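**Q** Residue numbers (the working numbering): 1 to 232.
I should point out that these hints are in silico values taken from the structure, not numbers from a laboratory.
Please read these numbers as outputs of a predicted model, since none were measured by experiment.
Yeah, the Cβ is synthetic: ideal placement off N, Cα and C, and Gly gets one too.
Check before you lean on any hint, since a few could be wrong.
Dumping the calculated DSS-like pairs for lysine-lysine here, alpha-carbon to alpha-carbon at most 30 Å [stated by the list, open to error]: (1) K17 x K39; (2) K115 x K58; (3) K58 x K207; (4) K7 x K134; (5) K119 x K75; (6) K75 x K39; (7) K49 x K116; (8) K7 x K115; (9) K75 x K58; (10) K4 x K58.
Simulated restraints on C-beta separations [said to hold, decoys possible]: (11) T73 x Y140: 33 to 39 Å; (12) E59 x Q192: 28 to 34 Å; (13) A190 x L94: 26 to 32 Å; (14) N186 x D90: 41 to 47 Å.
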Amino acid sequence: MSEKIVKLQDAQIYQGKALVLHDVNLRVDEGEFVYLIGKTGTGKSSLLKTLYGELYLKEGAGRVAGFDLTQLTWKTVPLLRRNLGIIFQDFQLLTDRSIYDNLLFVMKSTGWKNKKAIKEKIESVLEEVHLSGKGYRRPYEMSGGEQQRVDIARALLNNPRLILADEPTGNLDPETTDYIMQLLVNICRAHQTAIIMATHDYSIFQKFPGRIVKIENGSVEDTVLEQPENRQ
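Work out the full structure: start from the sequences and follow the hints.
**A** Next up, the structure:
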């Protein structure tokens, strides 16, 4: 039986003092691709922020990649995030340095010290997202799709057990969206990395099937639809 990478039970999710989501029950296995769907403002991002420790879980129970979300502190949040990859809609790349140095910054901040191992890992993740030889470029010299691939490469640096993607294709054209989605599906399969992706673009999971979890009216409906395996 696959290991549960995410397990929330009767979780109450707050933004400040405002209750955003109530009585959340969610379980995600390793290697599973899960879509969080719902309209803008329904709480998708708040749920993801809870999973990576930006919002603390004050009520209910929750574990992510072996970490108890109710016991997180400013010291343990970085340890949790070393087991995660986070992909943002707006990329959040450092524009004053090269792609290589963007990835180097993350590795140094998460404890990597061996220069040879760092170089090999950066080259490996750039190859995986089909950007080999482009580490010298700066973000503003790249297309939106290429920047998103750098964001995915950054998420892979620490061999994450779980990738959290917040509207990663929201600013991309349909062709580039398909390319990014196929890349994520391949990563999920190749590494048995669980992926939770928030989106309001329902056309995506028609092309790239996965488990669908719907957020609506402050509640989370788990396993709304089970779709057949992606045949692409």
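**Q** Indicate, hint by hint, whether the structure satisfies it.
**A** Hints versus structure:
Proposed proximity of K17 and K39 is supported: the alpha carbons are some 22 Å apart, at most 30 Å. Between K115 and K58, the direct Cα distance comes to roughly 40 Å. Violation of the 30 Å bound is thereby established for this hinted pair. Taken as a hint, the K58 and K207 pair is broken in the structure, with Cα atoms around 37 Å apart against an allowance of 30 Å. Among the hinted pairs, K7 with K134 is inconsistent with the structure: their alpha-carbon atoms are about 38 Å apart, more than 30 Å.
Taking the CA atoms of K119 and K75, the gap is near 27 Å; set against the 30 Å cutoff, the hint holds. Using a Cα cut-off of 30 Å, the hinted pair K75 and K39 is violated, with the two alpha carbons roughly 34 Å apart. The hinted pair formed by K49 and K116 fails the criterion: a straight-line CA distance of about 33 Å is larger than 30 Å. Annotation: proposed proximity of K7 to K115 is violated, straight-line Cα distance about 36 Å (limit 30 Å).
Taken as a hint, the K75 and K58 pair is honoured in the structure, with Cα atoms around 17 Å apart against an allowance of 30 Å. Restraint check for K4 and K58: satisfied, since their Cα atoms lie roughly 21 Å apart, inside the 30 Å limit. In this structure the supplied range 33 to 39 Å holds for T73 paired with Y140, their Cβ-Cβ distance being about 37 Å. The hinted range of 28 to 34 Å is satisfied by E59 and Q192, whose Cβ atoms lie roughly 32 Å apart.
The hinted range of 26 to 32 Å is satisfied by A190 and L94, whose Cβ atoms lie roughly 28 Å apart. N186 and D90 have their C-beta atoms about 23 Å apart, which leaves the hinted 41 to 47 Å range violated.
Checked against the numbered hints given earlier, the structure breaks hints 2, 3, 4, 6, 7, 8, 14 and satisfies all the rest.
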